[in-house]
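Visitor: Spelled out, the chains give:
Protein chains: 2
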Amino acid sequence: MDTILLDVFRTVAHLGSITAAARRLRFTQSAVSRQIAALEADVGARVFDRLPRGVALTEEGRALLPHADAILDRLVAAHRAVDDLHTLNAGRLRVGAFPTAVAALVPRALASFRRAYPEVAVSLVEGLTPTLLERLATGDADVAVVSESPAGPIDPDRYTLHHILDERLLVAVSRTHRLARRRTVRLSDLEDDSFIAGSADAEETLLRASLPTGFRPRIDIVAAEWTGKLGCVAAGLGVALVPALAMRGTPTDIILLRLHRDDEPTRRIHLATLAGRTPPPAVAGFLPHLTSSVDPLWAR
Amino acid sequence: MDTILLDVFRTVAHLGSITAAARRLRFTQSAVSRQIAALEADVGARVFDRLPRGVALTEEGRALLPHADAILDRLVAAHRAVDDLHTLNAGRLRVGAFPTAVAALVPRALASFRRAYPEVAVSLVEGLTPTLLERLATGDADVAVVSESPAGPIDPDRYTLHHILDERLLVAVSRTHRLARRRTVRLSDLEDDSFIAGSADAEETLLRASLPTGFRPRIDIVAAEWTGKLGCVAAGLGVALVPALAMRGTPTDIILLRLHRDDEPTRRIHLATLAGRTPPPAVAGFLPHLTSSVDPLWAR
DNA sequence: TGCCTGCCATGCTTGCCGGTCATGGACACG
DNA sequence: CGTGTCCATGACCGGCAAGCATGGCAGGCA
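Protein chains in written order, with this note's numbering: chain A, 1 to 300; chain B, 1 to 300.
To be clear, the hints were calculated from the coordinates, so they are not data collected in a lab.
These figures come from a predicted structure and were not determined experimentally.
Just so it is clear, CB atoms sit at the ideal spot from N, CA and C, and this is done for glycine as well.
Keep in mind that the hints are not guaranteed to be accurate.
[As the list claims (entries may be wrong)] A few chain B residues facing chain A, derived, Cβ under 7 Å:
1. M1
2. L5
3. E59
4. L64
5. P280
[What the hints assert, rightly or not] Footprint (simulated), chain B over chain A, 3 or more residues, beta carbon under 8 Å:
6. 32-45
7. 61-69
8. 119-125
Construct the complete structure from the given sequences, taking the supplied hints into account.
Guide: This is how it looks when you write it as structure tokens:
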């Protein structure tokens, strides 16, 4: 049945007149008369008594009316639910992000997004890129902030990628380091330096992607946490490689050097969604907040 | 919007395939494809992602689905509400009846009706015929059991009447009364008898309708209640006029005499409903119970 | 009482909507 | 690399649902 019938029915019941309802609804009287007849055929009962002046609900009509109201109300609620999703007055945004992106980039973007669309429920899980992509595929996340290096490409047929930035790799040195005045350095300049590593092969991971020349850093100190790592650097115990995204603002007790263009490993940061699926509307709203949260220090 | 669209939407969402839904719904695939397209145009958003194998709900589709379910459920509930009214599995029956009808006729009919249709809520108010007709007109009652005498005709243009019975007027006499063996008497036989009256002019009311010859009973005793009235008769203090409907079964201590045809006032008992209005379905179900509750003693 | 008016139903016509049929394109599968 | 499956779409058509006009009915009023 067409819901227009219910609307006509409701209007006629309210006005007590087919002619008046027709005027109100911009129909001809005959159209409304037939629509009521169609409704009556549908429910199998007369819903109005035809009086010399207008019409009056029968018992069946009285029974039907609240249902008609409920259905029509629910119909506009359905429309509004979809519209709210579009205007970001409702809905949710489940973000996945790799660890260093959670340090500053994504939290800032989420905070900015939430200020703009407070009705959207945001959530965030941290994970490594393959895990995040898996979450996308299973529908457990709406978007993922992922990193892509030549060693770990992302299948573009399965995921659509919005490029956010190309992340720099920075070298942290103490303020008294011999290269502290340089703006950029080459890895070869650091051959003799001692590296503070996050773990045995963490630095290897940071570098392996990009360097054709197998640069192997000399590692004397291993510090798992960033704070410890940078503490060692500040004390002059050595230098450290730092993914740019890990840096929130500019630290005062160390110097961050940019690597020469040719030495920089390329980590491309993307916002990924499932290919072939239209992402939730919140995703489109999130993207600009993510790009505008990018600190120039981080990007190539 | 046509609710068929919602049903198609729900089926496609459930089966995850337009083709499968088309088979299930006995449509062609192209029809369902267009219906989904029409729905999407209506809500202003894609509700399905088209995958290489089948379709999958978008976020908008997920938001829409519970509304579609609710609307369709409510639609069948609406149908059932009307059907229940017709099958007397629901609804109500508000009966009005004049006092003596409430003595036996209407209660029996209501009890019988309620056994047949226990889901219908019955109610009963007692009142005089004009009041009852007024209740009908204001919609405060569905049917009225009314009495009509030549002195108080009922406008057939305003009320439709179903004839139930023509009520007899009985004469109650003591078992030792000189006429106790007669089957029928004439009013003239009672000219010398003392009448036990319900009130000063109550007997007048009982008779005035029918008698061209102004028979005026001799009234010595006034007893307001039936029990007292008949008690007086049983004690041989006089005779009394009794509307037949007031008698439940045959009393043992008095004799009820029928009046001669020509002397009997005509009180026609009808079931009345508002003319021009289709009565609630329960009314039609009530009528046979009313007629079958008529005791042969009551009727001419 | 008879005319007029307001209300609803209905025969007739027409345009459009919503089906089917047939085809095409995309993609997974063997 | 063909083949089958799935969805979209162009062409077509039948029926439905509008509008228009008319008719019947009843109430109000002169």
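Visitor: A separate judgement is required for each hint: does it hold in the structure or not?
Guide: To see whether the hints hold, each was checked on the structure:
1. M1: 5 Å, holds
2. L5: 10 Å, violated
3. E59: It holds, given that the least Cβ distance between B:E59 and chain A is near 4 Å, below 7 Å.
4. L64: 6 Å, holds
5. P280: With a minimum Cβ separation of about 4 Å from chain A (threshold 7 Å), the hint on B:P280 holds.
6. 32-45: As far as the segment 32-45 of chain A goes, the hint holds, because 3 residues have Cβ atoms under 8 Å from chain B.
7. 61-69: Check passed, 4 qualifying residues.
8. 119-125: violated (count 0)
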